[in-house]
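Using the sequences and the hints given, assemble the complete structure.
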Amino acid sequence: MNKASLSYRLYILAFYLFLFAPLVSVAVFAFNASLFPAPPWKGFTVEWFTGTGALFGKPGIFRDPAMLAAFLNSLKVAIPVTLLSIVIGTANAFLLERREFPGKALLSMMMLWPLVIPGVILGISILAFSSRIANALETWLNMDLDFLRPGLFLVILGQLSFILTISTLIIGARLKKFDRSLEEAALDLGASRLRVLTTITLPFLKPAMVGAGLVALLMSFENFNTTLILVGSDAPLPIYMYGQMREGATPALNAASLVLMLGAGFLATLVALVSPRKEA
Amino acid sequence: MSQVADLALLGVTKDFGGHKAVNDVSFEVAPGEFFSILGPSGCGKTTLMRMIAGFEHPSAGDIVIRGQSMLGVPANRRPVNMVFQSLALFPMMTVGENVGYGLACAGISKAEAGPRITRILDKVGLGGFADRPVTRLSGGQRQRVAIARCLVLEPTLVLLDEPLGALDLKLREHMKLELKQLQAAFNTTFVYITHDQSEALVMSNRVAVMNHGRFEQVGSPRELYHHPATSFVAGFVGDTNIFSGEVTGARAAGIGIRLSTDVELAGSGSASGQAKAYLRPEAVALAGSVSELSALPNRFAGTVSTVLFDGAASTLVIRADKFPMLRATLPQAGPLAGIEAGAPIAFGFTAEALKVFSARGV
Amino acid sequence: MGRRLALFLLLAPAVLWIGLLVILPHVEIAILSFSQRVAARVYTFGFANYLEFLAEPVYWRTFARTALLSILVTLITLVISFPVALYIAKFARGKSKPVLFLLCLIPFWASELVRTLGWMMLLRETGILSHFLQAIGVIGRPVEFLYNDGALVLGLVYGGMLFMIVPLTNALESLETAQIEAGYDLGGSHLTVLRRIIIPHAMPGIVAGSIVVFMLTVGNFVTPVMLGGKNGLWFTEQIYSQFITRFNWPQGSAFGFMLLLLSTVIVWIGLRLTGQGFSETLRRS
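Residue numbers (my numbering), protein chains in the order written: chain W, 1 to 280; chain C, 1001 to 1362; chain D, 2001 to 2285.
Since the hints were derived computationally from the structure, they do not count as laboratory data.
Hints are supplied without guarantee of correctness; some may be wrong.
[Unchecked claim] Just so you have them, the derived chain D footprint on chain W, three or more residues with Cβ under 8 Å: (1) 13-23; (2) 36-46; (3) 102-111; (4) 116-126; (5) 211-223; (6) 259-266.
Glycine residues also receive a C-beta, built at the ideal position from the N, C-alpha and C atoms.
Here is the structure:
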């Protein structure tokens, strides 16, 4: 193939500038010693990360109780979402790859569906349905079921509704590549079915399970649309940041964004490291 | 047999929805025997082996190992171990862990298992490889791990499912010899399935030839080669010329057959009507003139059409009037060794060498 | 017996997930969308919510605007991304190929919110672009680039880019360089080679990328809210405001259904026009 022409290469360069301009701006102005994340540059500071608030009237993100609470809320959602995504995704992978049952084609089609439903609609449908259940139980049992009202529990369910699709696809793809004669060989050498599962099949799936977990963690932390609809009074990080952005930007938001980016980059690197090599 | 057979199959049938993959197969394998099942792909040999290992269940009949019926015994409780076609080494484990897997399953302590693993690895020539990941072994080494993994459990029976299939030609030749020696050293009963007749003939004490779910013939490699019982065996085992024709009747020695090219030959067998005749290339005697072959009932003059030089396995393709194209082994020591295409040549063979079988519906 | 139990145990989470989190909630909003209020806390079956959608210009205009802008955004994303994907797949050599590809992925590790924040910082009146243009003397005083449809389209294109580049690159990777060279060798110009060889080969990637970008754009919320103008509403904002602000769930459900219908119909037409299957397309992306 011929070398690309100069104008073509300039276009590619311009494209990558366009791609990174917003992120670099966010990162750079997290260190601006100013009340506003905008030019002019007033000097370098880490006040917006670790400051006590003495300088700008607002504490750095690591000392801001509201920011830390939002982070904690995100964790409260992300950890159950991650664990359930791994467990249920693995069960689904076995169901789709190993079992035959009536309606299997329909079920596997339905499992893909959440990917094409806009997040806002997943949110409102789960909100409406859980409210109906809560209302019905309230009149019937005369008890108030708070967890079915907007809040972190519903956020977990809402995020699971589409993250499960992704974890099922990741783990299922790995299970599809599994050579079943390995299981027969283990049985043949005297292993029980449970032992075959724990010593042969699950170790083979492990990279995909870890990968699916990391992707779930990332997606849970960053999800906005579904979370926004289902959230109650405890706001996870993206929702809290959204609220702050509407009130007016400060470099603290940039600092939080940078930390999020670094965290996401770290997770993404982990995903790349655990994802199975070509062997096996 | 005076001893109890290590393996006995009694009328085993496997029916896959109307298709009989294995059809009423019975045989016995004596302790210490190397028994091969030879057949083309799709003949049912893999299904048969999977039934012995316990991965499939017979529709009818019984599988008996050392006098114990295996019906209802799951794969993981049978005193049978299998070397898989893909070898199925556990890729996330080392050589030692692979070999020790069965011992661990049997509840044998690490202290006891360690020396056994070392001993077996030494014996198969993999001493010092215990900590090597199996992904970093050569084809031949992987083969030995797969066998060691079975032998360490001291099974009554080792099943081998075309384990040499994935190797290149040279290594395959080498591993044939090695497998035979291993089997002799451990004196374990081997049941080996293959579609490669050379593997079966070289290694086995006895070979069963299988076709369409049935055993065509069970016998020593020599018996199969020299005295095939059926048309299929005559055609499948060893290299051969195949002619078709019609039986003309009994003769003083053997029977007569008229080939479709309108030449009558003397053959052996008890066929009638439409028939196929088989003639091994090395059973064809070659000479400069027909008069030198007067002792043979079948003798013809023809010309050399092509010389296929392949060292000791060199052959001639010969054309003769009214005779179908014929391949004959060309001895590299005789006076004809230097013969060229186009040269006149005489050839002949005994009635005994031409095996005639009734043609079955093809 | 044990096998049936195992099957049941494996089926249970899948059925609970699809049943309780996907199907029943959608049945619920379907029912809600057809219920109309006749008195306080009394609802009957009816089409009032859909009629209201048609009767109120703000609603259907927003809907049409969302649909048309989403198609526009998808096309722009395709046009911008195609040369980049072609470069990565066919021109980049050695190490630069995976590096360029990974660089495309990086911005999407960051959340949507962070990316939007970046564009706000760049485009706002006191922002970086305005400062830069003043510094080099192109403009005399601060200019607001934010809060208009241009900024909105820019943000949406940026957000969809990755989902276009990845399937495009994968599709173009499988095109043999020899085929392109043969195209030139047989006397083709740049344009005919592109039209007759490269684009037909990339078609599955183009369709997969376009569908995903369109669906993400239609369903986007943050970008229109933050970058769009005051009267440049997005349909998801209508749904949000009906549900959360006005607490009119039946109306919001009807809007939700309209949005689902929109994305389904457009995706269906796209697949029909190009003769691609749904499942394969989805798996590919």
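Evaluated hints:
no.	hint	result
1	13-23	holds (count 8)
2	36-46	holds (count 5)
3	102-111	holds (count 4)
4	116-126	holds (count 10)
5	211-223	holds (count 3)
6	259-266	holds (count 4)
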